[in-house]
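Participant: Sequence:
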Amino acid sequence: MKSDIEIAQEATMKPIMEVASTLDLLEDEIELYGKYKAKITLSAFDRLKDKPEGKLILVTAINPTPAGEGKTTTTVGLGQAMAKLGKKSMIALREPSLGPCFGIKGGAAGGGYAQVVPMEDINLHFTGDFHAITTTHNLLAALLDNHIQQGNLLNIDPRQVVFRRVLDMNDRALRKIVVGLGGRTEGVPRESGFDITVASEIMAILCLSKDLMDLKERFGRIVVAYTYEGKPVTAHDLEAEGSMALLMKDAIKPNLVQTLENTPVFIHGGPFANIAHGCNSIVATKMALKLAEYVVTEAGFGADLGAEKFFDLKSRFAGLKPAATVIVATVRALKMNGGVAKEDLGAENLEALAKGIVNLEKHIENIGKFGVPAIVAINRFPSDTEAELEFIAQRCRELGAEFALSEVFTKGGEGGIELANKVLNIVDNKESNFKVLYELDQPIESKMEKIAKEIYGADGVNFTKEAQKDIKKYTEMGYGNMPVCMAKTQYSLSDDPALLGRPTGFMITVREVRLSAGAGFLVAITGAIMTMPGLPKRPAALKMDIDAEGKITGLF
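In the UniProt record's numbering, the protein residues as written are 1 to 556.
Worth flagging that the hints you see were computed from the coordinates, not collected in a lab. Certain hints may be false.
[To be verified] Only pairs whose alpha carbons sit at most 30 Å apart, straight line, appear in this in silico DSSO-like list of lysine-lysine:
#: 1; residue 1: K2; residue 2: K35
#: 2; residue 1: K88; residue 2: K321
#: 3; residue 1: K411; residue 2: K450
#: 4; residue 1: K210; residue 2: K249
#: 5; residue 1: K210; residue 2: K435
#: 6; residue 1: K51; residue 2: K249
#: 7; residue 1: K472; residue 2: K435
#: 8; residue 1: K342; residue 2: K543
#: 9; residue 1: K84; residue 2: K49
#: 10; residue 1: K39; residue 2: K49
#: 11; residue 1: K39; residue 2: K14
#: 12; residue 1: K369; residue 2: K422
#: 13; residue 1: K176; residue 2: K411
#: 14; residue 1: K369; residue 2: K355
#: 15; residue 1: K14; residue 2: K51
#: 16; residue 1: K450; residue 2: K465
#: 17; residue 1: K249; residue 2: K290
#: 18; residue 1: K435; residue 2: K450
#: 19; residue 1: K472; residue 2: K176
#: 20; residue 1: K176; residue 2: K473
#: 21; residue 1: K472; residue 2: K231
#: 22; residue 1: K543; residue 2: K176
#: 23; residue 1: K472; residue 2: K453
#: 24; residue 1: K2; residue 2: K37
#: 25; residue 1: K411; residue 2: K37
#: 26; residue 1: K35; residue 2: K51
#: 27; residue 1: K84; residue 2: K355
#: 28; residue 1: K290; residue 2: K14
#: 29; residue 1: K87; residue 2: K231
#: 30; residue 1: K51; residue 2: K87
#: 31; residue 1: K411; residue 2: K543
#: 32; residue 1: K39; residue 2: K51
#: 33; residue 1: K37; residue 2: K14
#: 34; residue 1: K88; residue 2: K435
#: 35; residue 1: K210; residue 2: K35
#: 36; residue 1: K249; residue 2: K216
Kindly produce the complete structure, drawing on both the sequences and the hints.
Facilitator: What follows is the structure, encoded as structure tokens:
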């Protein structure tokens with residue numbers, strides 16, 4: 001089979017104006033970025049605000065493994081399959097980060113014959129949203145350091161500056177840095193560091209804001225430092241939110257592209273689910289619900305991270321009510337959860353599958369806690385045997401979950417017809433009793449313990465002294481009623497990436513708690529999670545190239 005980029009380069013794309021016309025968008029609501037990309041103005045949502053919303057379908061997955069699961073591929077293929085069935089469908093995805101693209105994880109445009117195009121543009125800069133976020137974030141950091149240098153009227157304690165800088169690249173050398181070296185004219189020396197752009201609070205705010213003015217107001221609430229007396233200093237105190245918002249005036253508009261089969265797609269925003277809330281923007285999702293009968297969206301990594309945050313953060317903030325949840329798994333990944341090495345996954349192994357399927361069982365159980373109907377989609381590989389597939393199907397029946405095979409990678413929308421029909425049957429005939437996991441008036445520790453026990457299966461939470469100090473401070477500051485965003489490894493239900501399957505008898509360790517006052521949540525840093533990834537020994541970037549005609553190779 002051809003590579004993803006070869007398939008994408010052979011795609012027959014429609015001009016984006018033609019794609020937009022199928023969504024009843026007006027010409028002056030479409031801002032072209034070349035022939036095949038466009039931004040949609042927020043005035044379109046204002047025009048459509050009284051129109052009934054479509055049905056929202058969330059695609060999530062088991063915990064990711066090196067064997068691959070294909071969550072984005074399934075999301076794209078399901079949207080294409082619904083279009084083939086004559087439904088007015090739309091897809092809403094996150095934008096890819098350059099860090100993972102050049103590192104090891106890959107892009108975020110799907111794969112095989114279930115891709116979003118133009119794939120190269122989407123994975124490389126796209127419409128510049130991430131650069132706008134990076135620049136906006138670093139503008140605030142520069143204004144903060146400049147304020148300290150130019151007299152420090154706000155009495156900021158340089159030792160209590162909590163706002164770091166960001167870069168959309170995996171670069172471990174920047175995790176811890178010292179700024180302000182070189183003498184009195186070069187700034188005030190202090191320790192700092194870089195996070196990856198997708199971990200920026202600016203990214204979280206973009207994805208949780210309803211419009212430009214809401215974005216600006218949230219920017220003003222960002223806590224960047226503390227005074228010598230311990231009082232918080234915000235971006236508003238630095239008079240920074242106006243200039244920050246103007247840098248984001250275009251980035252807040254959703255990006256419209258298409259799949260290989262010309263199904264319309266919004267790709268907008270892209271916080272990681274292991275260190276942020278892992279969902280595309282509320283603006284894009286809400287607009288898509290006004291433009292289509294069925295909207296298929298995804299949440300990052302496994303359901304313990306992405307789906308939990310989609311429900312408890314995004315859906316809570318936006319007032320969304322998901323109609324169904326698709327849980328993507330593969331026979332290969334479940335066998336890996338059962339202890340099989342990657343090179344041995346091609347052989348039938350029902351014993352390993354029985355051991356590893358507990359990971360899927362836990363995710364099915366977890367979705368049920370939110371009152372949303374679930375269906376399991378097995379992303380089929382050629383090596384899967386009928387006995388293995390029937391084993392999974394029977395276990396799903398026993399758990400009361402629907403089950404469907406998905407072959408969208410090799411067959412596009414046609415390979416998702418079975419899945420699409422079963423999803424449509426659920427969303428059209430079965431009521432979603434969606435509810436959040438916890439209430440906001442619970443103590444901060446209780447909210448984290450609820451997630452750890454109910455979703456991860458932990459016995460409880462160990463809070464370090466630093467985390468206890470953070471929680472006490474934020475409670476006293478009036479932030480105790482915020483929801484929590486757990487920063488945890490994606491590879492395990494626990495905070496130890498080596499514990500596969502469905503671990504038991506473990507505790508979650510919260511090392512520190514960070515405040516994202518603008519986004520509106522608290523971030524619990526667990527285990528050894530890092531907010532600036534590093535590159536592997538052989539980064540994907542080493543295989544990429546471009547020729548004299550501009551043809552790109554090696555990009556997946």
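Participant: Does each hint fit the structure? Answer for all of them.
Facilitator: Consistency of the hints with the structure:
1. K2 - K35: holds, 25 Å
2. K88 - K321: Between K88 and K321 the Cα gap is close to 19 Å, so the pair holds against 30 Å.
3. K411 - K450: violated, 41 Å
4. K210 - K249: Distance ~13 Å between K210 and K249 Cα, so the pair holds.
5. K210 - K435: holds, 22 Å
6. K51 - K249: holds, 25 Å
7. K472 - K435: OK: K472 and K435 at ~28 Å, within 30 Å.
8. K342 - K543: holds, 22 Å
9. K84 - K49: With Cα atoms ~27 Å apart, K84 and K49 stay inside 30 Å; holds.
10. K39 - K49: holds, 18 Å
11. K39 - K14: holds, 16 Å
12. K369 - K422: OK: K369 and K422 at ~21 Å, within 30 Å.
13. K176 - K411: Not satisfied, since the Cα-Cα distance of roughly 46 Å exceeds 30 Å.
14. K369 - K355: Roughly 23 Å separates the two Cα atoms, so the pair holds.
15. K14 - K51: holds, 27 Å
16. K450 - K465: holds, 20 Å
17. K249 - K290: holds, 22 Å
18. K435 - K450: holds, 14 Å
19. K472 - K176: holds, 26 Å
20. K176 - K473: With Cα atoms ~24 Å apart, K176 and K473 stay inside 30 Å; holds.
21. K472 - K231: It holds: about 14 Å lies between the C-alpha atoms, which stays within 30 Å.
22. K543 - K176: holds, 29 Å
23. K472 - K453: holds, 22 Å
24. K2 - K37: holds, 25 Å
25. K411 - K37: The given pair, whose Cα atoms are some 25 Å apart, holds under the 30 Å limit.
26. K35 - K51: holds, 29 Å
27. K84 - K355: Violated: K84 and K355 sit about 37 Å apart, past 30 Å.
28. K290 - K14: holds, 22 Å
29. K87 - K231: violated, 54 Å
30. K51 - K87: holds, 18 Å
31. K411 - K543: holds, 27 Å
32. K39 - K51: holds, 21 Å
33. K37 - K14: It holds: about 10 Å lies between the C-alpha atoms, which stays within 30 Å.
34. K88 - K435: Holds: K88 and K435 sit about 27 Å apart, inside 30 Å.
35. K210 - K35: holds, 28 Å
36. K249 - K216: holds, 10 Å
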